[in-house]
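**Q** Sequence:
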Amino acid sequence: MQAYEQSGNDTHGCALLFPGQGTQHIGMGSDVCDQSPITARVWDCASDIAGFDVRRLCLKGPLPKLDKTQYQQVAVTTVNIACLEALRAKGAVGESCVAGHSVGEFSALYAAGVLSLEDVFRGVAARGQIMQALAEQTEGAMYAIKGIDRDGIAELIALHELADRITVANDNSPRQQVISGCKLALKELLPVLLREGFEQVRLPVNGAWHSSLMRPGAEDFQVVIDSLSFAEPRVPVFGNQAADRLSSIEQLRADLVTNLYSTVRWRETMHNLAASGVRLCLEVGPKKVLSRLLLDFPALQDQLSTRHVAELIVTKPASAVTE
Numbered sequence: 001m002q003a004y005e006q007s008g009n010d011t012h013g014c015a016l017l018f019p020g021q022g023t024q025h026i027g028m029g030s031d032v033c034d035q036s037p038i039t040a041r042v043w044d045c046a047s048d049i050a051g052f053d054v055r056r057l058c059l060k061g062p063l064p065k066l067d068k069t070q071y072q073q074v075a076v077t078t079v080n081i082a083c084l085e086a087l088r089a090k091g092a093v094g095e096s097c098v099a100g101h102s103v104g105e106f107s108a109l110y111a112a113g114v115l116s117l118e119d120v121f122r123g124v125a126a127r128g129q130i131m132q133a134l135a136e137q138t139e140g141a142m143y144a145i146k147g148i149d150r151d152g153i154a155e156l157i158a159l160h161e162l163a164d165r166i167t168v169a170n171d172n173s174p175r176q177q178v179i180s181g182c183k184l185a186l187k188e189l190l191p192v193l194l195r196e197g198f199e200q201v202r203l204p205v206n207g208a209w210h211s212s213l214m215r216p217g218a219e220d221f222q223v224v225i226d227s228l229s230f231a232e233p234r235v236p237v238f239g240n241q242a243a244d245r246l247s248s249i250e251q252l253r254a255d256l257v258t259n260l261y262s263t264v265r266w267r268e269t270m271h272n273l274a275a276s277g278v279r280l281c282l283e284v285g286p287k288k289v290l291s292r293l294l295l296d297f298p299a300l301q302d303q304l305s306t307r308h309v310a311e312l313i314v315t316k317p318a319s320a321v322t323e
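Counting in this note's numbering, the sequence shown runs from 1 upward without gaps.
It should be emphasised that the hints constitute simulated quantities derived from the structure, not laboratory data.
A quick note: this is a predicted structure, and the numbers were derived from the prediction, not measured.
No false leads were slipped in.
For lysine-lysine, the following PhoX-like pairs were computed, each having C-alpha atoms within a straight-line distance of at most 20 angstroms: (1) LYS287 with LYS60; (2) LYS288 with LYS146; (3) LYS68 with LYS183; (4) LYS146 with LYS187; (5) LYS287 with LYS68; (6) LYS287 with LYS146.
So the derived label-pair ranges between C-beta atoms look like this: (7) VAL223 with ASP151: 34 to 40 angstroms; (8) ASP302 with LYS146: 21 to 27 angstroms; (9) ALA299 with LEU159: 26 to 32 angstroms; (10) GLN200 with SER276: 30 to 36 angstroms; (11) SER276 with LYS60: 37 to 43 angstroms; (12) ASP220 with ASP151: 31 to 37 angstroms; (13) SER116 with HIS160: 44 to 50 angstroms.
Don't be surprised by glycine CBs; every beta carbon is placed ideally from N, CA and C.
Kindly produce the complete structure, drawing on both the sequences and the hints.
**A** Here you go:
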């Protein structure tokens, strides 16, 4: 099965989208855990480099441990890449470009041939450890705010003089923003948003990602990124900070580092994907999170269609994990 239609040299633009944190749940990846020697290698590599049993954590939990960023980032990346390899084994992928949301950018770089499997997990494991350490030093949280655009949320943050303590972490869509920052500042703003009629949902993460609270980790993470081997991408990679194609290895490295403490510009990324000729977005990961976000883009409804990896692979239950 092909995930795109082909006519001459035109692939009608299929973008692979890889989700990040917040997609975790017990049992995730059970359909691609040890499905083949290739997918088994993904899980083995993740466990060996991260230093914990990724299979057991994803399939058995406990959830409080899976929710911790040092484990969650590795786990989500493992499932993303195992799903990708299952797709490739079925011949069900023919991407023209890739993009990843937050830590999903590492999965996108693997798909584009930029990073090896080993380097992906070295980078992701270090990212999770750095962010976990910072989370334990600060009191931070993240909330998804529905029904508001970036300008609207930024105006409210500024109006209440909280811009130094609250950041727009994810500009996800014209109707969804994620805010991040210290819990005390969020407690000031959240009642205001509630009175204005905006729905709010606390994200299942244990820190204030993509905020200034993560900036102290940038120097250490830069050292990690500089230690990884980058190759030229075989398909365009759309970065979180540029919200567009990254044209050099230097830009790829820089995007990963600034991503730690800066806004994920996903709304602009989706518009730029459509403008580049993408017509199908195929989400490769545990849940239909990025696919559902596209419902918030009325201007793109006639240009972009979505599918999820689960529709394209024949699943196989994971073997039982013993206690």
